[in-house]
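Q: Given next are the chains, with one letter for each unit.
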Amino acid sequence: MPSEKKLERWTNIFVYATTPLMLVNLYNIFIFVPTEASMGIIQRIFYFHVPSAFIAFLAFGVTFVYSIRFLAKRNMWHDRVAYCSAEVGVLFTTSVLVTGPIWARPVWNVWWTWDARLTSTLILWFIYIGYMMLRSYTGDEQRGARFAAVFAIVGFVDVPIVYLANRLWRTLHPQPVMFGGSGSGLNPTMRYVLIFSLVTFLGLYVFLLLYRLRIERARLELNELKRELAYS
Amino acid sequence: MEFLAGIFIWLIAAILQTAPVTSPTQNLNFLFAAYAAVWLLIIAYLFSLSRRQKKLGQEIEAVKQMQNEAKK
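Protein chains in written order, with this note's numbering: chain R, 523 to 754; chain H, 1354 to 1425.
I should point out that these hints are in silico values taken from the structure, not numbers from a laboratory. Hints are not guaranteed to be accurate.
[Said to hold, decoys possible] So, partial list: chain R residues that the calculated Cβ filter (under 10 angstroms) puts toward chain H:
no.	residue
1	Leu548
2	Ile551
3	Phe552
4	Ile553
5	Ser560
6	Gly562
7	Ile564
8	Ile567
9	His571
10	Leu613
11	Thr621
12	Gly622
13	Trp634
14	Arg736
15	Ile737
16	Ala740
[Claimed, not checked] Restricting the straight-line Cα-Cα distance to at most 25 angstroms, the calculated cross-link-like pairs of lysine-lysine (BS3-like) are:
no.	chain 1	residue 1	chain 2	residue 2
17	R	Lys748	H	Lys1407
18	H	Lys1425	R	Lys748
19	R	Lys528	H	Lys1408
20	R	Lys748	H	Lys1408
Ideal Cβ positions, reconstructed from N, Cα and C, are used throughout, including at glycine.
Use the sequences and the hints to build the structure in full.
A: Laid out in structure tokens, this is it:
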């Protein structure tokens, strides 16, 4: 388990690194990037909708990896990293599920449609909400961590389904603009703004994860102190 | 906090209901609403983290104090 000082130092580094990136990102999205021809100004939602989705995938990927590591080594810190990353992942998935319908309303004329991409994303959100609820309702800490790790590993199956949904099925959701094969692609300025936004959201994710881990560390310390007090 | 969040959500909903859907201004409102919603989520999460951290800090201090008293 990393020391509190180390976690605090890295949290501060990411705050100071991400804050200016956020400001430049705002400038890029609202002023710098050209307006898309067919959808107009509303298309600018793309620059925080897509990064939110990618970061949610990354967060659940971290949960997946740390759940496997927990099952292999039974190190409680790995379980905590998995849990904290899932919580931050749920935040970013919520952001995707909120911004998506706001974008869909003026473009598709509906807030929501049960197509493969949207439905699988909603299922992904429910899976990780379920994961967090499982953690809260299981009394025995070790057993709860074991159940949750298995749940997280199985639940991760939905991530590639969400990613591939608009490639595998006909959806109202647009086809991929990055790595989508022939006919896909972005204007170079738009691509730069998207990549910049991805980096910014990555910084935000790492900051939130570190901050959340500091709280988990404090919780472990508190449990330890309570145990010592009970034995003294 | 919940009250402010409620007002904010109500404001976003009000913005979304103004002007006809096809007008460019309405799209600007949608863009604003989406961005505001993302920031609201992040700020609310940060607020909840800071509250949890403060509460845990207080609990740790209280337990440490109890430990010191037990040693005496």
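Q: Under the constraints set out in the numbered hints, which ones does this structure not fulfil?
A: 4, 5, 13
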